Amino acid sequence: MDIPYTVQPRPDTGLYNAKVGIWLFLASEVMLFGALFSSYILLRVGAVEGYWPHGWLNIPIGTANTLVLITSSITTVMAWASLKMNQFGRFKFYHACTILFAMTFVGIKSYEYHDKFTHYSIKLANGKIADGHLVEKSKDFNLEKKTGEMVIHGHEVNFAEATGEKLQEELKSIYDIRSPEGRKAKHSELRYNASQIASMETYGPWHNTYTAIYFTLTGLHALHVIGGALVIGFLWSFGGKMWKTDPERFTNRIEISGLFWHFVDLVWIFLFPVLYLL
Amino acid sequence: MATAQAIPHPVVHETHHHETDFWRTYIFSTDHKVIGIQYAITALFFLFFGFLLMLMMRWQIAHPGQPVPLVGALLENTLRTAQGGSLAAKGVISADLYNMFGAMHGTIMVFMAIVPLAFAAFGNYVVPLMIGAPDMAFPRVNMASYQAYVIGGLIMFVSFFIPDGAAQAGWTSYSPLATSIASNGQAFWLVGMVCLITSSLLGAVNFIATIIQLRAPGMTWMRLPFFVWAQFVTAFLLLLAFPPLEAAGVMQLMDKVAHTSFFLPTGLAVGGTLAGVSGGGSPLLWQHLFWFLGHPEVYVLILPAMGIVAEIIANNTRKPLWGYKSLVYSALTIGFLSFIVWAHHMYLTGMGTRVATFFQTTTMIISIPSVIILTCMFLSLWGGSIRFNTPMLFVMAFLPMFGIGGLTGLPLGFNFSDLHLHDTYYIIAHFHYIVAPGTIFALFAGVYYWFPKITGRMMSEFWGKVHFWGSLIFMNLIFQPMFAQGMAGMLRRMVDGGANYSQAQVPDAIGGLNAHMLDLHRYILYAAVGLGLAQIPFIVNLFWSINNGPRVTSDNPWQATTLEWQTPTPPPHGNFDQAPEVYRGPYEYSVPGHGTDFTPQNEPEPRVTNPKTKPLTA
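So the sequence lines, in the order shown, correspond to chains R and C. The first sequence begins at 1 in the numbering used here and counts up by one. The second sequence begins at 1 in the numbering used here and counts up by one.
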């Protein structure tokens, strides 16, 4: 006996098996990202006043990525609709676009990640903090051995000696760079010997809980983008075989991968305002 | 003087003939029955291994600082520290090793033994047969879920043998302790958990889709055997509750390897020095995420067992289950409510009275459907024509044992009494009563019950009864004293069994543990050994009966009504030639007017011995 309802829908549910499966899977994914969003809320609510970053992510770039994903969702639907209309050539075109958009998204994200990994927060020996992007590091730069020097483009802050209003200004120049006080900080080229540096780190996940949840949320999302793109890519390249033997089943597979893709897009629609705008 | 002559007989051809080699048939199979057996064998192995861990721990508790008999040398030589020494120098279980055994005993028993056995093994084998389906909805996903389970299990198993050993912060892995320990055991635990969670998620999707989509014609929702309902709710619990733990696991793994501070507070100091982390995180966040899974998880442990109990009671009382609708709605209610009680595991974290009241209320409410289910099962016995075979004995013992476990949970559900009992041996007794003489008894019952369908032979009734009485007596001897110990204030996870808090060692302390409480450890150890010995008849019986047990004379030796018994023995690939047609509910036992005392679900007309008696239903 063969497994029924793999292609034809079951009359009382109106669904074929894989559609039930993907919706159930998406429900579990909602719980997964939901847990991460809940963690974001808890960490942000629990943060000390003034230390939760704002403006660390570039909004135009984020907007561009948002448009890229939304457009890719549209091309996904067009690809499926093309198959429904028996137009395999158009399906190939639209899903090629989807894959290109996915790669664009990941490319832009990589650029953003790179920006964070070249952004240094340097604790100087004199108690100040130097914050900025790396311009150059000398070849013999070694923090343990105290050799070499590095140049960053940024500014210095002094949390240790500042109090009251001054402290708020200093804090905002790091943590709230969209605010008027935050914008006041002047960026210039700053050069330091390794001997002047007590410790330093980049704006990676280790830097604070904001970067931690940012990299985790967007990293997991990016993995889903890549995974979805791989599946769509596989169907795009090797799917032609099934289109010839079982076109309805193939179309269903495109529908299923499309549903997953819409979910990935939807997660980003939540990620963008939460991480970039708020 | 007759000479034997070969009687030519027609060769039977299978309609659906697959030429598959050994590997595709037994190792890389997509058949739900093979996968179910694979899950069962692997899970039983981990159950056995988890039991051994417990034995070593109980030895240590009863004889702190003394070398472990039999396996001391093995421990010393295989379990190494990062410095090159041994975790069990001279065969003595070090404090770290004891904590490892404790953490892994819990992890292995919950995630690698009970859930795979109760949900994946029994569910995979029985559910498609019970609903009249040829297989699970997604056979290849099914195979992938088993493989993810094996990989996760291997990672967990192997973690014992890396330098400095396995995870040692409890199966609950609370931060900051979990990531502050220098060894990589916790990282292995987290990666292993991700694999196990993936396996469960794939399985859950499969079960739900199968039950929704592949029910045979006539198998309406309210004609489903209760076992299927139980597995259905369990699958939803796994689907929706596991992902937050997966997220938490990823975050804790990042705390460990990427030096993030999701769960690490500002100002954290480890070993007297400031940890060089950013801080700003919350240890409570881990607890919330863990217990958000942790509580539904315990219903994952009990619901399939309740399903098995229901089937075996109906079958061996020769009457329908009492309150089928109540059972179904209670199972659904438990499923829903289990998501809103989790912080009753966190009463001692300093939560405010409003939050505590909310969780106490939901916790009390969830006990209602659980009691309804137990009551329906007790009432099902009334007026029954009870057959006391081995499955029935286990199932009947399940009822009071789960009753004890459940009732002892009530003082834990209340904040004010939990203050005294939290993290004591009372808790250990409470949950072990539910899982050990609770769930595991139901699983034993299921093995004895479905064994003849899988193998075509019966297990020995005599040794089954020996197994039953030994297990029942020793389980109670192990866990009953722990209630007293817990109420006397003995805490969990103490490598010396509480000697440090004894009246002997600190005579002036208020509430020190008296010698009697500590003495009980020795008797518990003897009972644990006894329990282990009582399993030997089961293990031997199981393997011996596969080839030597008495053959069944029919495909339906228990004279059961559900569909899995209306197939050949064992069911062939594809289960049914054509989809069976279901005409009636799952428990038509002793229906007045029917000719036999049971009518299978796919029987269109009940058998009538007296043609003058009209059947009540068509």
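Some hints could be false.
Beta-carbon label-pair distances, calculated as ranges [as the list claims (entries may be wrong)]:
| no. | chain 1 | residue 1 | chain 2 | residue 2 | range |
| --- | --- | --- | --- | --- | --- |
| 1 | C | Ala-269 | R | Ser-138 | 32 to 40 Å |
| 2 | C | Thr-266 | R | Gly-240 | 50 to 58 Å |
| 3 | C | Gly-271 | R | Ser-188 | 53 to 61 Å |
| 4 | C | Thr-78 | R | Asn-158 | 35 to 43 Å |
| 5 | R | Lys-137 | C | Thr-266 | 23 to 31 Å |
| 6 | R | Leu-67 | C | Ala-95 | 25 to 33 Å |
In the BS3-like style, the derived pairs of lysine-lysine whose C-alpha atoms are separated by at most 27 Å in a straight line are [as the list claims (entries may be wrong)]:
| no. | chain 1 | residue 1 | chain 2 | residue 2 |
| --- | --- | --- | --- | --- |
| 7 | R | Lys-116 | C | Lys-256 |
| 8 | R | Lys-109 | R | Lys-128 |
| 9 | R | Lys-123 | R | Lys-166 |
| 10 | R | Lys-116 | R | Lys-137 |
| 11 | C | Lys-256 | R | Lys-109 |
| 12 | R | Lys-19 | R | Lys-92 |
| 13 | R | Lys-92 | R | Lys-128 |
| 14 | R | Lys-116 | R | Lys-92 |
| 15 | C | Lys-256 | R | Lys-123 |
Hints are computed from structural coordinates only; laboratory data are not their basis. Everything numeric in this text was worked out from a predicted model, so none of it was measured. The beta carbon of each residue, even a glycine, is placed where N, CA and C say it ideally should be.
Status of the hints after comparison with the structure:
1. C:Ala-269 with R:Ser-138: 32 to 40 Å: 35 Å, holds
2. C:Thr-266 with R:Gly-240: 50 to 58 Å: Since C:Thr-266 and R:Gly-240 have Cβ atoms about 57 Å apart, the given range 50 to 58 Å holds.
3. C:Gly-271 with R:Ser-188: 53 to 61 Å: 41 Å, violated
4. C:Thr-78 with R:Asn-158: 35 to 43 Å: Taking Cβ atoms as reference, C:Thr-78 and R:Asn-158 lie about 55 Å apart, which means the hint is violated.
5. R:Lys-137 with C:Thr-266: 23 to 31 Å: At roughly 30 Å between Cβ atoms, C:Thr-266 and R:Lys-137 fall inside 23 to 31 Å, so the hint holds.
6. R:Leu-67 with C:Ala-95: 25 to 33 Å: Violated - the Cβ-Cβ distance for R:Leu-67 and C:Ala-95, about 58 Å, lies outside 25 to 33 Å.
7. R:Lys-116 with C:Lys-256: Distance ~21 Å between R:Lys-116 and C:Lys-256 Cα, so the pair holds.
8. R:Lys-109 with R:Lys-128: 31 Å, violated
9. R:Lys-123 with R:Lys-166: Answer holds: R:Lys-123 to R:Lys-166 is near 19 Å, not above 27 Å.
10. R:Lys-116 with R:Lys-137: Since the Cα atoms of R:Lys-116 and R:Lys-137 sit roughly 16 Å apart, the hinted pair holds (cutoff 27 Å).
11. C:Lys-256 with R:Lys-109: 24 Å, holds
12. R:Lys-19 with R:Lys-92: 22 Å, holds
13. R:Lys-92 with R:Lys-128: Violated, at roughly 57 Å.
14. R:Lys-116 with R:Lys-92: 36 Å, violated
15. C:Lys-256 with R:Lys-123: With a Cα-Cα distance of about 23 Å, the restraint between C:Lys-256 and R:Lys-123 holds, given a limit of 27 Å.
Hint check: violations occur at hints 3, 4, 6, 8, 13, 14; the rest are consistent with the structure.
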